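Colleague: Taking the hints into account, I'd like the entire structure generated from these sequences.
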Amino acid sequence: DSGVTQTPKHLITATGQRVTLRCSPRSGDLSVYWYQQSLDQGLQFLIQYYNGEERAKGNILERFSAQQFPDLHSELNLSSLELGDSALYFCASSARAYNSPLHFGNGTRLTVT
Amino acid sequence: AQTVTQSQPEMSVQEAETVTLSCTYDTSENNYYLFWYKQPPSRQMILVIRQEAYKQQNATENRFSVNFQKAAKSFSLKISDSQLGDTAMYFCAFMGSGSGYALNFGKGTSLLVTP
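Chains as they are written, first to last, in my numbering: chain A, 1 to 113; chain B, 114 to 228.
Quick caveat, the hints were computed from the structure, so don't treat them as lab data.
Some hints could be false.
[To be verified] Partial pick of chain B residues on the chain A-facing surface, computed with a CB cut under 7 Å:
1) Gln157
2) Met158
3) Phe181
No experiment lies behind these values; they were computed from the predicted model shown.
Glycine included, every Cβ here is placed at the ideal spot set by N, Cα and C.
Modeller: Structure (structure tokens):
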């Protein structure tokens, strides 16, 4: 058990809808990362937060947004969903903003129909 | 941007044998970190081993060890005494300042351990 909690485990929704994925980092970790894993694109970095502030941005679509709250949990919001957004979404946390290993949650499997 | 290349999409090894997974990367940075993650069929991402670029000594974690060749930008993973539970997808990953210290992953190598 990595100590990173992601909810829900599975999510099935229709195109055009909006969903929110939730992540609680390991106790003491200040940094949260979001990754998307799809068959054709592999593991893609979306965004990183450190202690409530956005720190780095990857290949995140404008339809997607995220935030980290004062209690350090994070949410990833996906809107105007398309079939191609179906993927496994991972949250990871680390102790520092850089130079520390990432510990991953079990992921949220999103299926857009 | 840093590129991580895993040239072996699939590999197979017999139980108790040794297997080496290849990884190369491209960067102009001098200080960075390299990782191997394992993703079994359960889909969980598990940290296997890490290597700091400034350390010349190769990292070792029980049956897992790396061969880090900084000049060649190569970071291979050796699994000794392979076990059935080692069956998984293995991802090589790079962390450096150029990517904001987010992990940049390769495409992965699917390893099958057979009895």
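Colleague: Now tell me, hint by hint, if it's right for this structure.
Modeller: The hints, checked one at a time:
1. Gln157: holds, 5 Å
2. Met158: holds, 4 Å
3. Phe181: Violated - the Cβ of Phe181(B) stays beyond 7 Å from chain A, reaching only about 16 Å at its closest.
Violation of the numbered hints given earlier is confined to hint 3; every other hint is satisfied by the structure.
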